[in-house]
Each structure stands twice: as structure tokens, then as C-alpha cells.
Amino acid sequence: MDAMVLKAQRWVNATYGSVAGYNRCAEDGSTGWGTMFALTRALQIELGITSLSDNFGPTTLARLTAHGNVGANSPNMNIRTIAEAGLYCKGYDGGNIDGAFSSSRTVAGLGTMQDHMGLFPEWTISPKVFKALLTMDAYVLLPGGNQYRRQVQQWLNRSFSHRRDFYLNSCDGLASRSAHANLILAIQYTLGFTDDSANGNVGPATKAGLQASAYVHEGSVDSGPTGWVRLFKAGLIFNDFDGHWDDADPQFDSRLADKARLFQEYTVLPKTGDANFDTWMSLLVSTGNPNRVGRAMDCARPLNAAKIATLKANGYEYVGRYLSGGTIKVLTSSEIAMINDNGLAFFPLYQEFGDSAAHFNYTQGRTDATAAVAKAHELGIPFGTVIYFSVDYDALDSDINTYVIQHFKGIADVVRDDGNKYAIGVYGTRNVCSRLAKAGLTTRSFVSGMSTGYSGNMGYSLPANWAFDQVANLTLGGTVESPNVPGSIEIDKNIASGRDVGVTSVTRPRDYNDAFYTYMVWVETRAQQWWDQGNHDRSPVELAAQYLRHRNGKFNFPGSDTVFGSIDEDFITFVKNYPARPDMAPLRDPKLFRDQDIPHFGASFGAVLNNTLHSDYTKVSLQDFGGWAGDLVSAVLDFCKTGRPASEAYTWGLNYIASDADVGYFNIDDFLADVDAFVFGWLHNDGDQRKLSQFFRDYYSTPIASPGRFWAFFYYRFLYSEETLRAAARSALFQLSDLMYTGVVGTFWLLEGGTGYTSLYTVPDEIREGIARAFADVVLEHVH
Amino acid sequence: MSENSQGSATVGRRQVLAAGGLILGVGSMQVLLPSAPAWAQAPAPGVTLEPFTDDAVIVLSGDSTAVGACPRQLALRIVNPEVELPAQTKIEVVFDGRLYAPRRAALLSSGKRTVKTTTTFTSPDETGTVVCTVTLDEALQGLRAGEDPVVLSVATANTALYPHDLVRNAKDSKVTVAATRRSAKVERGLRAGDVPRAATPRLPWGVELSGGWGRHRPASGAQFAYYYPTQLRILAIGPGDGPDATTFNVSLDPYLVKEVTVTAMLLNGKRTPGKVNLAGTTRNTSLYQTEWRLPVKLKAGDVVEIALKTTLLSPPTNLITVKHPVVTVNGTLDPAQRQTGRHTLTRLDSLWGPESG
Chain A
1 MDAMVLKAQR WVNATYGSVA GYNRCAEDGS TGWGTMFALT RALQIELGIT
51 SLSDNFGPTT LARLTAHGNV GANSPNMNIR TIAEAGLYCK GYDGGNIDGA
101 FSSSRTVAGL GTMQDHMGLF PEWTISPKVF KALLTMDAYV LLPGGNQYRR
151 QVQQWLNRSF SHRRDFYLNS CDGLASRSAH ANLILAIQYT LGFTDDSANG
201 NVGPATKAGL QASAYVHEGS VDSGPTGWVR LFKAGLIFND FDGHWDDADP
251 QFDSRLADKA RLFQEYTVLP KTGDANFDTW MSLLVSTGNP NRVGRAMDCA
301 RPLNAAKIAT LKANGYEYVG RYLSGGTIKV LTSSEIAMIN DNGLAFFPLY
351 QEFGDSAAHF NYTQGRTDAT AAVAKAHELG IPFGTVIYFS VDYDALDSDI
401 NTYVIQHFKG IADVVRDDGN KYAIGVYGTR NVCSRLAKAG LTTRSFVSGM
451 STGYSGNMGY SLPANWAFDQ VANLTLGGTV ESPNVPGSIE IDKNIASGRD
501 VGVTSVTRPR DYNDAFYTYM VWVETRAQQW WDQGNHDRSP VELAAQYLRH
551 RNGKFNFPGS DTVFGSIDED FITFVKNYPA RPDMAPLRDP KLFRDQDIPH
601 FGASFGAVLN NTLHSDYTKV SLQDFGGWAG DLVSAVLDFC KTGRPASEAY
651 TWGLNYIASD ADVGYFNIDD FLADVDAFVF GWLHNDGDQR KLSQFFRDYY
701 STPIASPGRF WAFFYYRFLY SEETLRAAAR SALFQLSDLM YTGVVGTFWL
751 LEGGTGYTSL YTVPDEIREG IARAFADVVL EHVH
Chain B
1 MSENSQGSAT VGRRQVLAAG GLILGVGSMQ VLLPSAPAWA QAPAPGVTLE
51 PFTDDAVIVL SGDSTAVGAC PRQLALRIVN PEVELPAQTK IEVVFDGRLY
101 APRRAALLSS GKRTVKTTTT FTSPDETGTV VCTVTLDEAL QGLRAGEDPV
151 VLSVATANTA LYPHDLVRNA KDSKVTVAAT RRSAKVERGL RAGDVPRAAT
201 PRLPWGVELS GGWGRHRPAS GAQFAYYYPT QLRILAIGPG DGPDATTFNV
251 SLDPYLVKEV TVTAMLLNGK RTPGKVNLAG TTRNTSLYQT EWRLPVKLKA
301 GDVVEIALKT TLLSPPTNLI TVKHPVVTVN GTLDPAQRQT GRHTLTRLDS
351 LWGPESG
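Chains as they are written, first to last, in the numbering used here: chain A, 1 to 784; chain B, 1 to 357.
Think of the hints as simulated: they come from the structure by calculation, not from any bench.
Careful: at least some of the hints might be erroneous.
Okay, derived cross-link-like pairs now, DSSO-like style, lysine-lysine, Cα gap no bigger than 30 Å in a straight line [stated by the list, open to error]:
#	chain 1	residue 1	chain 2	residue 2
1	A	Lys576	A	Lys329
2	A	Lys409	B	Lys297
3	B	Lys270	A	Lys409
4	B	Lys299	A	Lys438
5	A	Lys128	A	Lys7
6	A	Lys409	B	Lys299
7	A	Lys409	A	Lys438
8	B	Lys297	A	Lys7
9	A	Lys409	B	Lys116
10	A	Lys128	B	Lys275
11	A	Lys7	B	Lys171
12	A	Lys375	A	Lys619
13	B	Lys299	B	Lys275
14	A	Lys271	A	Lys312
15	B	Lys270	A	Lys438
16	A	Lys641	A	Lys554
17	A	Lys409	B	Lys309
Non-contacting residues of chain A with respect to chain B, defined by C-beta distances greater than 12 Å in every case (computed) [as the list claims (entries may be wrong)]:
#	residue
18	Gly34
19	Lys90
20	Arg105
21	Gln251
22	Gly343
23	Asp561
24	Arg581
25	Thr651
26	Gln694
27	Tyr716
28	Leu719
Even glycine gets a Cβ: it sits at the ideal position worked out from N, Cα and C.
Sequences and hints are given; from them, build the entire structure.
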């Protein structure tokens with residue numbers, strides 16, 4: 001409690017409490033924003049402003065400028081009293097808060113504050129000083145502040161505050177956005193900008209000016225009290241490099257050159273020791289020169305072979321990829337394999353909606369870390385790898401205290417409980433990164449430097465543990481990323497410090513089908529998107545299967561929709577136009593080493609979903625025709641085309657059905673597709689919630705697991721009964737009771753033609769019996 | 001403390017250092033000649049030091065319930081009627097560097113006149129003591145009738161010391177003016193006047209407030225932005241326990257916010273019995289303010305997390321002024337309350353159309 005602050009609060013409330021628009025401040029003897037805003041409104045009242053505001057804006061400044069400096073001889077005793085009250089709220093002696101202003105105490109207090117501001121004592125308060133007086137800015141060195149930074153802050157105030165838009169910055173030795181903006185203003189003034197053109201932002205004109213005029217080097221000397229050498233030195237100090245400041249020193253000496261080299265080394269610039277353009281940019285903007293070469297990148301969408309080739313061609317070595325999150329970010333083992341096989345390293349990122357304060361708390365931190373760690377384990381990411389958790393918004397200091405640190409404590413607890421297998425990193429602004437590192441919660445930082453206007457970047461130096469610095473968004477391999485331009489890719493370019501070498505190999509054994517799983521997950525994600533957009537005619541699972549069916553066009557023919565289900569052409573178009581489709585990869589049976597026919601699977605799966613089994617399992621329906629039964633009809637058709645005697649049908653069928661050779665419609669690829677389509681479809685219809693990608697993983701990951709689906713086929717379709725199997729196989733070629741079935745078979749037979757028989761049902765029984773028996777034996781062979 | 005040397009700046013007006021209200025506290029100033037001749041030891045009254053000491057600032061110690069004080073300004077008037085202080089006279093101000101924020105260079109002035117001086121700061125030991133030596137670069141003429149005495153201004157009490165605001169064994173300051181041919185050595189302590197005392201002495205205590213903000217995003221009006229608090233975090237920083245009741249205010253623009261409510265409170269991460277009570281509401285054309293009272297007495301180290309729900313209003317098209325959002329943990333007038341400067345939060349980056357104020 002400060003007795004004079006209390007006196008100031010009581011005075012301002014007593015004087016203005018009855019004025020409309022004035023908001024009383026607490027009378028507690030503690031300076032806070034409430035008191036500062038009360039004084040601001042009091043000043044506005046005295047200046048004749050009727051629309052009172054907490055903001056000391058242009059109107060207040062203009063009126064006060066018209067009023068003139070405030071001092072012992074200035075008119076309006078109340079304004080003088082407000083100034084004295086403000087002095088106390090700032091911690092300086094304001095006399096008796098009576099407006100007398102003539103006491104030695106007020107003048108000495110004011111003089112000391114002006115000195116702390118870096119100004120020469122004037123004994124009166126200028127409008128800009130008054131504006132500063134009514135803020136919570138400090139002009140004394142605060143704990144954690146740097147005395148040289150404070151000296152630069154004072155020098156800036158002293159040297160440039162006569163310019164129109166240069167307002168006094170704090171002089172507390174702490175990093176500050178306003179002081180950094182003032183440094184840029186000072187540079188613009190030095191470049192000759194007018195008050196109308198100087199804006200505190202590094203735009204094209206400032207960049208051009210820096211390139212043309214700001215190059216200084218060892219031996220350079222400022223010709224006056226300000227100049228490029230001092231500005232460069234100020235930039236180094238604002239970036240926590242250099243430990244020396246002297247207003248009177250105009251020299252670019254060897255010490256300064258050494259500091260410049262240290263800064264350049266730290267920011268991965270050529271160590272020239274001079275103030276070249278790239279160095280200026282790295283001092284002033286969190287991107288540095290965004291056009292400089294970067295060896296790292298990150299992207300939201302999965303990489304495929306063509307995109308990786310583009311990255312390699314452009315010299316990238318490190319790839320930032322998301323462990324999970326959203327609908328388009330998923331990292332998979334096949335992508336890791338491609339990245340590493342091409343000699344690139346990757347660094348894992350984790351982000352789930354981390355783009356506002358509301359996402360961050362201890363519990364959510366635990367949730368995020370649990371998911372990230374699980375995914376890292378699943379992918380076999382080596383222990384010790386840094387996982388970067390995102391803070392993807394402009395978190396203020398108070399946000400960091402309240403939300404972000406708690407969030408990362410949750411992350412840290414989960415990682416610790418997991419045995420500290422992974423290191424914790426953060427993606428965020430410079431301030432977020434530094435604060436978390438200082439709190440001991442992170443070991444590496446991925447700096448979102450591209451957000452140059454963020455309050456957490458401007459004025460803050462690169463964190464000491466920075467590993468990657470995001471500096472530019474660009475498209476490689478084309479003007480825009482497009483599915484129609486293979487290899488085109490939109491990336492965020494990063495500068496790599498070398499503090500994180502990334503992941504060059506994983507501990508998880510490679511699954512031959514990883515790339516297919518990646519592809520499948522991508523298709524399923526699109527299907528879910530389509531569903532989420534309100535397209536509910538088909539389930540996401542069916543949509544995914546339809547896209548597979550559509551791939552080679554063989555399963556779109558007259559009548560096909562009757563069997564496989566009507567296709568959603570709009571969805572197909574949606575997927576085709578969606579960027580970053582992973583490479584289409586084969587799906588190989590891990591025991592038979594043969595590929596499944598993916599489009600065939602998609603079609604047959606649709607048949608299982610759109611038709612029902614006959615209630616008598618020895619009979620067949622369109623559901624069967626869409627899979628194995630249709631292929632069995634094809635086998636008869638193909639046998640008839642051979643002209644072989646009917647007596648060879650069985651033997652021919654044994655060699656033909658599920659053959660390794662690429663013949664006809666019922667080779668091993670088709671057989672696998674039929675079996676998978678029925679089993680997965682049956683389970684899906686039975687309520688199994690697994691996605692297709694998971695079904696495939698469960699049955700295709702190991703040679704031990706893969707035969708299970710033949711067993712399941714035999715069990716679910718034929719009740720694990722050889723008799724039922726053989727009867728159903730026969731029904732597929734003889735059954736006439738189902739008009740829909742026979743109609744589709746008839747149409748199919750006619751379309752294929754060339755058999756010498758008008759229909760399936762005119763084919764000699766011996767042939768059909770032989771083929772049916774062969775099919776049953778092939779199934780049993782795979783089951784057993 | 002680094003050594004800093006600088007000549008004095010020019011003073012604008014003469015009348016500023018009028019008498020009155022200038023009281024010295026504990027401390028000493030010493031005026032020293034380069035070598036003190038024998039005659040200098042003789043008593044020579046004629047130089048009087050009048051420190052500014054009646055305005056006291058509270059100094060708290062972490063291990064004591066006693067409330068100390070130091071003068072807000074390390075400054076004094078040098079009254080030297082008819083006695084000239086020659087060039088090279090040294091004035092020495094010794095003070096506790098933990099308490100004061102010194103000027104870049106001491107200022108010796110009277111009205112429009114500034115006496116040319118050179119200032120050096122040294123730290124002779126590791127206790128935090130700072131010695132400010134002011135050397136006259138020109139003679140300080142003897143004070144004539146009707147003239148104001150010169151004022152020497154060295155430093156101001158640093159009120160922004162948190163979290164290093166607890167000072168054990170704070171040292172008193174002193175000023176010494178060395179002897180000259182015509183004046184004897186003068187020494188004076190700079191001790192503060194009285195400070196408020198609590199009825200019941202207690203260990204220092206304090207709170208630190210932080211919070212997160214939501215952004216008011218109306219459907220239209222890309223140029224509009226207003227922030228409102230969504231969560232607060234109050235840390236009792238100790239070392240003593242807090243008061244029986246901790247209150248805080250949430251102040252918002254009445255045209256932009258319809259209502260604020262507290263939806264949840266956690267104490268040290270756990271739900272506790274009782275709820276945050278609404279202690280008062282003010283709503284008029286310029287302010288919507290709610291005052292809230294915590295249901296628990298905060299012990300040192302306690303963390304209270306408070307979730308706020310804010311019902312927003314669509315911004316009027318003619319909004320020409322704004323009430324910035326402010327959250328403040330209210331002070332208690334208790335001298336033992338630490339001044340953290342972190343008991344108040346605001347955002348100044350609202351956008352509300354035609355800027356006013």
C-alpha cells in the first residue's frame with residue numbers, strides 16, 4: 001500500500017466521481033490499470049472531451065498538445081494535479097497532489113522520471129510524457145531486465161521522440177514490442193522517411209533502404225549522435241547479443257564485429273561480422289530475410305514420392321510432419337519410410353486445435369501428450385526424439401502463465417509417466433518458446449517466426465534452444481499445390497539450427513503394406529469429410545470402398561450399380577480434386593505374397609453392403625454375385641471359351657481359380673478381393689466399427705493373421721460347413737429361383753459372350769459341377 | 001552497478017526547487033576535497049543539508065512482520081548561505097542499491113540553473129551498497145537572500161522490484177559533503193518518516209494475477225476487436241497468508257458485454273466447497289463492473305483458477321469510445337501487502353471504429 005497512491009485515488013474519485021462517463025477507481029493504494037484509466041478520463045474531462053474513454057488516443061493527445069506542456073506555470077490546476085497523481089502512480093514523487101507543482105519535490109520527481117525515460121529534464125510534462133505517465137510502463141530496470149537494453153530504450157526515447165509517431169517506450173530492460181517498433185521507426189527516420197511514411201513495420205521500402213544504405217562494418221563510424229552503427233548495436237542488444245552500450249561511442253570496432261559474428265552464427269547466417277542485409281533482417285524481423293535458404297520445412301499434408309522428389313531437388317533435409325491431428329495431417333509408417341529412404345530426416349509435430357487459449361490447460365496437455373506418445377510408439381519413433389507440441393496463436397504473457405504452462409505441465413507429467421522416452425518441444429512464438437524453456441518444460445523450440453506481427457515475436461529474441469525457425473510459406477514444383485501437378489507442394493520453409501537432427505530411422509519393423517494403409521487412411525479421411533459436409537446417402541465406409549472401386553473403371557458397367565450399389569460421382573470428383581493424395585500402393589498378402597485386387601474389393605464390398613444373403617446359406621443372392629459367385633460364373637464362361645471337354649472342368653478350375661497367373665477374372669487377386677470383401681462387409685453389417693484400413697491392418701500385417709480371413713469367409717458365409725460350401729457353389733451356377741440373380745447372370749453372360757452357349761444355364765451340368773467343385777476345394781485349401 | 005559519468009544537463013527554470021516539503025531521511029552526504037587540509041577539519045557551520053524524507057515508501061522484509069520505510073526520493077537541498085563550495089568538491093551519497101533506481105547522473109540544480117557536475121557510481125562491497133560521488137565541475141556559489149537553494153537529486157525508490165521486493169536488513173542512506181576551505185564536513189542521514197502500520201503485524205503477503213482472453217468476434221465488422229477475460233489465475237505469493245477475503249473486479253464495456261459470471265473455481269487444481277460470490281455490480285453508460293469474493297482464505301502458494309462466462313452484446317455501430325477490459329485483485333490497505341504490479345490485467349489492443357479518447 002502506498003499512501004500517496006491512495007491519496008491520488010481518493011482525489012481523482014472525489015473530483016470526478018459525479019461526472020458522467022467517469023469510472024471510479026479502487027481506493028486501495030495500489031497502482032493498477034483502473035487507476036490509470038480513471039486518471040485518463042479525468043484528464044479528458046479537463047480537456048473538454050465529452051466522449052470519455054480509457055484510451056489515451058489521438059483526440060486526447062491533440063487536445064493536450066493544444067493545451068501545452070503541463071508545469072508549474074501551466075493553466076488548469078486540476079491537470080497539474082492529475083500529473084502529480086500520475087507521478088505517484090509511477091513511483092515518483094509528485095509533491096502534495098495539490099497541483100502546486102512548484103514544490104521541489106514534484107520537480108525533482110518529474111526530473112528523475114524524465115531521466116529514467118532517457119530524456120533530458122525539462123521541468124514540465126510534454127503531451128507524450130503525459131501519455132506515458134498514464135500507462136503501467138516502467139522506466140526503471142525491472143528484475144530480469146538487461147541494463148544495456150534499458151540504455152538503448154532510453155537512447156531511443158531521447159533521440160527520436162521528437163518525431164510525430166514515436167511514443168515513449170518503457171525503459172525497464174525487458175523485451176518489448178513497443179521498443180522494438182520504435183527501433184524500426186528509428187531506422188526509418190534514419191533512412192529519411194517522413195512522419196507520414198514511417199510506420200514501424202519492415203516493409204518493402206524499409207528493406208530497400210536497408211539494402212541500399214545500412215551496410216556498416218568494422219571501421220565504420222557514425223557521423224552524429226545517431227546512425228547506423230548505433231542502430232546496429234541497438235539491434236544486437238535487443239536480440240540479447242552484445243553487452244555494451246555507450247551513447248558516445250560511434251565506432252564499429254572489432255568487438256562489435258565479433259558480436260555480429262556470434263549473432264550470425266546463432267542465426268545460421270554467414271559469419272561476416274558486418275551489418276549486411278540478412279543480418280539486419282534477422283535483427284529486426286522474426287523471419288529474418290524470408291528469402292534465404294532453408295534446409296527444413298513442414299507441411300500439413302502427407303508427402304508422396306513426387307513431393308519428396310521436389311523437396312530433395314530444392315535442397316531440403318528436414319521435414320516437419322504431424323503425428324496426428326485433423327483430417328489431413330496424419331503421418332504414417334509408409335510416409336516415414338519414403339522420407340527416410342530418400343535421405344531426409346523428419347521431426348514430429350503434434351497439434352489438435354491449439355490455435356486459441358481455450359485449448360490449453362493441464363488436462364488437455366495430458367490428453368495431447370498421451371495421444372502423441374502413443375502415436376510415436378506406434379510409428380517406432382526412436383526414444384529421445386523431440387515431439388513439438390503446438391501453441392499456434394499469439395499467446396500473451398498472461399495466457400502463458402494461465403494456460404500454456406499448465407498445459408505443458410500436463411504434457412511433461414505424461415511423458416515422465418511414460419518413462420521420459422521422448423523429449424518435449426514446442427512450436428510457438430519466440431516468447432512462448434523462451435518462457436517454456438525457462439520453466440524447464442521444453443528442451444527444443446520450433447519458432448513460428450513467420451507470424452512477424454505477433455506480440456510474442458516482435459521484440460523477443462530467438463530462444464536459446466531453437467531448433468527450427470519458420471520463416472516463409474511457399475509452393476514448390478508449381479505455382480500452387482494441385483493434385484493435377486505431381487510434385488507440387490505448399491510448404492512452410494524453416495531454418496534449421498542443427499540442434500535437432502530429426503529422425504532418420506524408426507524402430508518399428510517395416511510393413512510391406514504401409515503405403516497402402518497410408519493411401520487407405522487418406523481415402524477414408526476424405527469420405528469422412530464428405531459425410532461431415534452433409535452427404536449422408538452413403539456411409540463413410542461405403543464411400544471409401546466406392547472410391548477404390550472407381551479406380552480402374554472396370555467395375556462401372558451397365559447394371560453394375562444394381563449389384564455393387566449406385567456410385568456417388570460427386571464424391572469421386574471431390575476426392576480426385578483433393579490435394580496431396582498419397583501414392584496408390586499395392587496391398588500384398590503377407591503369406592501368399594500376392595496382391596489383392598483393390599478395385600475389385602471395392603466393388604464386392606459394395607455388393608455386400610447393398611444386398612443381403614439368402615436366408616438359406618446353400619442358396620445365393622446378388623450379394624454373392626457381386627463377389628465370389630460372379631467370379632465363379634466368369635470361370636465357367638472362361639472355361640467354355642477354351643473349348644476343352646467338360647470332363648476337364650474340375651481340373652481346369654483347380655488351376656484357374658485363385659491362380660497365381662494373371663488370367664481371367666478369378667485369379668488370386670480376385671479371390672483375395674472376394675474373400676476380404678465378404679468378411680469385412682459381413683463384419684461391418686454386423687456392427688463392427690473398424691474402418692477398412694484397420695481391417696486390412698488386422699489381417700495383412702503378419703503371415704499368422706492373414707489366413708484368419710479365409711477361415712472367417714468359410715465360417716460367416718458357409719457356416720464352417722463343407723456341405724454348405726459345396727451346395728452354395730453349385731447354387732451359384734444352377735440356381736434359378738431368384739429372378740434378380742438369374743437376370744443379372746444372364747445380362748453378364750450376354751455382355752461377355754463368345755461361349756457358344758446362350759446362357760449359363762445351358763452350359764452342360766458337368767462343366768458347372770466341375771467348376772463349382774473346384775471352387776469349393778480351393779476355398780477349403782485356403783481354410784486349412 | 002556500472003560506473004557512469006556525465007556532466008549535468010541544463011535546467012529549464014529556476015523556480016522549481018522552491019522550499020517546502022523537503023525533508024531528509026536517513027543517509028549522509030559528504031563533500032570532500034581531493035586532500036583534506038588541516039584547516040578543513042575546523043568546524044565551519046554554513047552548509048546545511050535538508051533531505052526529502054517526509055514521503056516514505058514501505059519496505060518489507062521476508063522474515064519479519066515489521067514494516068520498514070525509505071524516502072521515496074534520494075534528494076536533498078543544499079543550503080549554503082554565503083558559503084561557496086568550490087569546484088572539485090565532492091558530495092557522496094551512500095544508499096542501498098536494492099531500494100533505489102538511480103538517475104543516469106545526479107542532478108544539482110536550482111531553478112533555471114544547473115551546476116556542472118560529474119557523477120560516478122561505485123559498489124564498494126557485495127552487500128548492494130552503492131556510492132554515488134558527485135564532483136562539482138564548477139563552484140557552487142553561496143546562497144544569497146531570496147535565492148532558492150540547489151537541490152541534489154540522485155535516485156528514486158524503486159517501486160517495481162517484484163519479485164525481489166522483499167529486502168532483508170535494508171540499509172539507511174546517508175549524505176556527506178566534504179569539508180572545504182570555508183565549510184566543514186557535513187554528514188546527514190536519510191531516514192524516512194512514518195509509514196502506516198497495520199493493527200496486527202503480519203508477514204508480507206501478496207497476489208499475482210494472470211489470465212486468458214477471449215476475442216469478441218461479431219459476425220460483421222472486420223475492424224472490430226474486443227477482448228474479455230475467460231479465465232483467471234490468482235497465485236498467493238506469500239510468504240504470509242492472504243487476508244480473510246480476497247476480492248477481484250472485472251470491468252468491461254457496458255455496450256459490449258451483457259453479463260459476466262463465474263462458472264467454476266479450482267483451488268490448487270481441485271474443486272472446493274463454496275463458490276465465488278458476486279459482491280457487487282455496477283452498470284452505467286460507461287462501465288459494467290462486477291466484484292467477486294473468493295470463498296477461501298489464500299495461504300502462501302495457493303493457486304486459484306477461475307473460469308468466467310461472458311455474455312456478449314453486438315457492438316453498436318456508433319461506438320465511439322471504449323472501456324478497456326480490466327481485471328484487478330483489489331488491494332486491502334494493508335501495509336504488509338506486497339506490491340507486485342501483477343494484480344491487474346488489461347488489453348489495450350481493442351479496435352472499435354472511430355478512435356476516440
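Hints and how they fare:
With a C-alpha separation of about 18 Å, the suggested pair A:Lys576 and A:Lys329 falls inside the 30 Å cut-off, and the hint holds. With a CA separation close to 26 Å, the supplied pair A:Lys409 and B:Lys297 stays within the 30 Å bound. Our distance criterion of 30 Å between C-alpha atoms is met by B:Lys270 and A:Lys409, whose separation comes to about 16 Å. Distance check on the hinted pair: B:Lys299 and A:Lys438 sit about 26 Å apart at the alpha-carbon level, within 30 Å; holds.
For the hint pairing A:Lys128 with A:Lys7, the CA-to-CA distance comes to about 25 Å; that is within 30 Å, so the pair holds. Restraint check: the Cα-Cα separation between A:Lys409 and B:Lys299 comes to about 22 Å, which is no more than 30 Å; the hinted pair holds. With a CA separation close to 13 Å, the supplied pair A:Lys409 and A:Lys438 stays within the 30 Å bound. Proximity of B:Lys297 to A:Lys7 is assessed by CA-CA distance (about 28 Å); at most 30 Å being required, the pair is judged to hold.
The straight-line distance between the Cα atoms of A:Lys409 and B:Lys116 is roughly 57 Å, outside the 30 Å bound, and the hint therefore fails. With a C-alpha separation of about 45 Å, the suggested pairing of A:Lys128 with B:Lys275 is violated against the 30 Å cut-off. Between A:Lys7 and B:Lys171 the alpha-carbon distance is near 27 Å, which keeps this suggested pair within the 30 Å criterion. A distance of roughly 46 Å separates the Cα atoms of A:Lys375 and A:Lys619; the hinted pair therefore is violated under the 30 Å criterion.
As the CA atoms of B:Lys299 and B:Lys275 are separated by approximately 17 Å, the hinted pair is consistent with the 30 Å bound. With a CA separation close to 26 Å, the supplied pair A:Lys271 and A:Lys312 stays within the 30 Å bound. Under the criterion of a C-alpha separation no larger than 30 Å, the hint pairing B:Lys270 with A:Lys438 is consistent with the structure, at around 26 Å. A threshold of 30 Å between alpha carbons decides the hint, and for A:Lys641 with A:Lys554 the separation of about 21 Å falls inside it, so the pair holds.
The hinted pair formed by A:Lys409 and B:Lys309 meets the criterion: a straight-line CA distance of about 25 Å does not exceed 30 Å. For A:Gly34, the requirement that its beta carbon stay farther than 12 Å from each beta carbon of chain B is not met, with the minimum near 5 Å. A cut-off of 12 Å between C-beta atoms contradicts the statement that A:Lys90 is not in contact with chain B; the least separation is 8 Å. Not every Cβ of chain B is farther than 12 Å from the Cβ of A:Arg105; the closest lies at roughly 5 Å, contradicting the non-interface assignment.
Once the 12 Å rule is applied to beta carbons, A:Gln251 is consistent with being away from chain B; the minimum gap is 19 Å. Distance check for A:Gly343 against chain B: the nearest CB is about 43 Å away, which clears 12 Å, and the non-interface claim stands. Once the 12 Å rule is applied to beta carbons, A:Asp561 is consistent with being away from chain B; the minimum gap is 43 Å. A:Arg581, annotated as away from the interface, keeps every beta carbon of chain B farther than 12 Å; the closest lies near 34 Å.
For A:Thr651, the shortest C-beta to C-beta distance to chain B comes to about 75 Å, beyond the 12 Å cut-off, and the non-interface label holds. With a closest Cβ-Cβ approach of about 37 Å to chain B, A:Gln694 is found to remain outside the 12 Å limit, as its non-interface label requires. Separation of A:Tyr716 from chain B is adequate, the least Cβ-Cβ distance of about 50 Å exceeding the 12 Å criterion. In this structure A:Leu719 is separated from chain B by more than 12 Å, as the shortest Cβ-Cβ distance comes to about 56 Å.
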